[in-house]
Amino acid sequence: MEDREEFLKQMENLNVPDINTSGHQHSVKMAIMNSERSAALGVWLVIVPCYFLLCVLMYYYFHVHVGWFGSMFKLMSGLEKTPYIDFMGPLVLFVLPLICVVINVLAILHVHVQKPDEHRSKARELSFTIKIKPFNILLIAISLIIVFIFINYVITENISIKN
Amino acid sequence: MKLNWFTRKGIIYWPVSIIGWVIFSIAVIIAIYAFIIIDLRSHSVSDTLINFVFNFLIIGLCYTIIAWFTEGRSNTDTTKS
Chain A
317 MEDREEFLKQ MENLNVPDIN TSGHQHSVKM AIMNSERSAA LGVWLVIVPC
367 YFLLCVLMYY YFHVHVGWFG SMFKLMSGLE KTPYIDFMGP LVLFVLPLIC
417 VVINVLAILH VHVQKPDEHR SKARELSFTI KIKPFNILLI AISLIIVFIF
467 INYVITENIS IKN
Chain B
890 MKLNWFTRKG IIYWPVSIIG WVIFSIAVII AIYAFIIIDL RSHSVSDTLI
940 NFVFNFLIIG LCYTIIAWFT EGRSNTDTTK S
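Here the protein sequences come in this chain order: A and B. Its first residue numbered 317, the first sequence is counted upward by one per residue in this note's numbering. Its first residue numbered 890, the second sequence is counted upward by one per residue in this note's numbering.
The shape of chain A in the complex, shown without the other chains (with noise of 0.2 Å):
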């Protein structure tokens, strides 16, 4: 009987557990593809577009008129008049860092639709949640710059053409 007792008593005095709520809102979220991989891959698919750049950039605004520069805009072009391989320059300026901007978005944005719920919302709510993942933005901001740069002497060269 007295250990009956004792034991009510423990149990009475027994300290609960706080439990944090805001804990449970805690998830899981998961990216389309693996960050380090679409970085990797990245890399490799705007190095090509960023060296004809560079030349461009060298050649026309610093005035380096070195043959090395001049002779990768000869390439270019001589690339666009030979049949079979000129697509490779729309391909090498705006599907290739296109494919970098995908790619890389897939690795570091996360799509979340929220069911309709009693206690909170009654409307669903579609929320983004985007890592920081410096390289991985880097690579996007970089494959943004030439892709705008390709359309902005597209539009140029045919206003120009059409003039």
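Treat the hints with care, as some may be off.
As the list claims (entries may be wrong) - With a cut-off of at most 25 Å between alpha-carbon atoms, the simulated DSS-like pairs for lysine-lysine come out as follows: (1) B:Lys-898 to A:Lys-449; (2) A:Lys-431 to A:Lys-447; (3) B:Lys-898 to A:Lys-447.
Source of the hints: derived by calculation from the structure; they are not laboratory data.
Since chain A is already given, all that's left is putting chain B on it; use the hints.
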């Protein structure tokens, strides 16, 4: 189907299986062949290098794309927030 032909160290993919080594060897042979062909047509050292760098980068890109798809790792990573 998961393939385990390559492993990644930094931005370079290294072969870890026989098929991986075959693909790597083919890429190296193509690069050497391209260098020889370009060298035969070129008139100077810089002319050879300019054309070869471009070809080398394209070969490296093709090799990396193959290795990327056949790398033996899980294709997702997770973060808890």
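Results of checking the hints against the structure:
| no. | hint | verdict |
| --- | --- | --- |
| 1 | B:Lys-898 to A:Lys-449 | holds, 18 Å |
| 2 | A:Lys-431 to A:Lys-447 | holds, 23 Å |
| 3 | B:Lys-898 to A:Lys-447 | holds, 22 Å |
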